[in-house]
Amino acid sequence: SQTIHQWPATLVQPVGSPLSLECTVEGTSNPNLYWYRQAAGRGLQLLFYSVGIGQISSEVPQNLSASRPQDRQFILSSKKLLLSDSGFYLCAWSEDREQETQYFGPGTRLLVL
Amino acid sequence: GNSVTQMEGPVTLSEEAFLTINCTYTATGYPSLFWYVQYPGEGLQLLLKATKADDKGSNKGFEATYRKETTSFHLEKGSVQVSDSAVYFCALSDISNSGYALNFGKGTSLLVTP
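Heads up: the sequence lines are chains A and B, in that order.
Counted from 1, the first sequence has number 79 at position 79 by our numbering; the numbering is strictly sequential.
Counted from 1, the second sequence has number 118 at position 5 by our numbering; the numbering is strictly sequential.
A hint or two may mislead.
[To be verified] Chain B regions said to be covered by chain A (calculated; three or more residues, Cβ under 8 Å):
#1 156 to 162
#2 214 to 222
[Said to hold, decoys possible] FRET-style restraints, in silico, Cβ to Cβ:
#3 A:17 x B:126: 37 to 47 Å
#4 B:127 x A:14: 37 to 47 Å
#5 A:96 x B:168: 17 to 27 Å
#6 B:135 x A:95: 43 to 53 Å
#7 B:127 x A:57: 26 to 36 Å
#8 A:16 x B:135: 42 to 52 Å
#9 B:158 x A:80: 26 to 36 Å
#10 A:42 x B:143: 37 to 47 Å
#11 A:82 x B:153: 19 to 29 Å
#12 B:131 x A:73: 15 to 25 Å
Treat the hints as calculated values from the structure; they're not laboratory data.
Where a beta carbon is used, it is the ideal one built from N, C-alpha and C, also for glycine.
Using the sequences plus the hints, can you model the full thing?
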């Protein structure tokens, strides 16, 4: 069966520091991968989407970037964090042949101080 | 663009009460519809889905019917349990320049008391 992992689970970072969040998927190949952010009291916002290695689409302009160095690895990064980057970051995957249904990881809670 | 509107919470119910969480959508075409559940401190879990009009998705006693005529996908459960306390998100599939994405409602918090 497929599983999705995210780490770290929780992170507290000072403003201006770099960020690297990692997501990996097991039990499937060539998945579509997604990064969402859930800000406090708000819904989920799609940040990035990837259909394959090195292929990244950004949905909103922001302080963050994403990379996909391997088929089942998706990384969310920032060079300098802002206070507004605080939130709950969720990685998700979908089958290439059934893209509409997405499965989410446990999330990373980021607090920028 | 496509969007989802959910009833605002929090919803507080006693154990064994009937649950309805309203969800309506605006869409061009016929998107697939989903309900996700988020337990405290966790990620989202797919609860159920429906891919076309009149489809009924069901799981763990929850069900929702894709109603094209009313553009709705209300979540129901006949008898809730304390363990159902969570935040519930309605979502629809949408096609952007990047491919498929999910548009989520803002979520409805449910608290079930013994």
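Verification of the hints:
Against chain A, the region 156 to 162 of chain B contributes 5 residues with a C-beta closer than 8 Å to a partner C-beta. That satisfies the three-residue criterion, and the hint holds. Closer than 8 Å: that is the beta-carbon criterion, and the region 214 to 222 of chain B has 6 residues meeting it against chain A, so the requirement of 3 holds. At roughly 43 Å, the beta carbons of residue 17 of chain A and residue 126 of chain B sit within the given window of 37 to 47 Å. Remark: the range hint 37 to 47 Å for residue 127 of chain B to residue 14 of chain A is upheld by a beta-carbon distance near 45 Å.
Checked against the hint of 17 to 27 Å, the pair residue 96 of chain A and residue 168 of chain B passes, with Cβ atoms roughly 23 Å apart. For residue 135 of chain B paired with residue 95 of chain A, a C-beta distance near 30 Å fails the hint of 43 to 53 Å. Residue 127 of chain B and residue 57 of chain A have their C-beta atoms about 46 Å apart, which leaves the hinted 26 to 36 Å range violated. A hinted range of 42 to 52 Å for the beta carbons of residue 16 of chain A and residue 135 of chain B is consistent with their spacing of about 43 Å.
Separated by about 34 Å at the C-beta atoms, residue 158 of chain B and residue 80 of chain A satisfy the suggested range of 26 to 36 Å. The hinted window of 37 to 47 Å between residue 42 of chain A and residue 143 of chain B is violated, with their beta carbons roughly 27 Å apart. Our hint of 19 to 29 Å for residue 82 of chain A and residue 153 of chain B holds, since their Cβ atoms are close to 27 Å apart. Checked against the hint of 15 to 25 Å, the pair residue 131 of chain B and residue 73 of chain A fails, with Cβ atoms roughly 44 Å apart.
The earlier numbered hints that this structure contradicts are 6, 7, 10 and 12.
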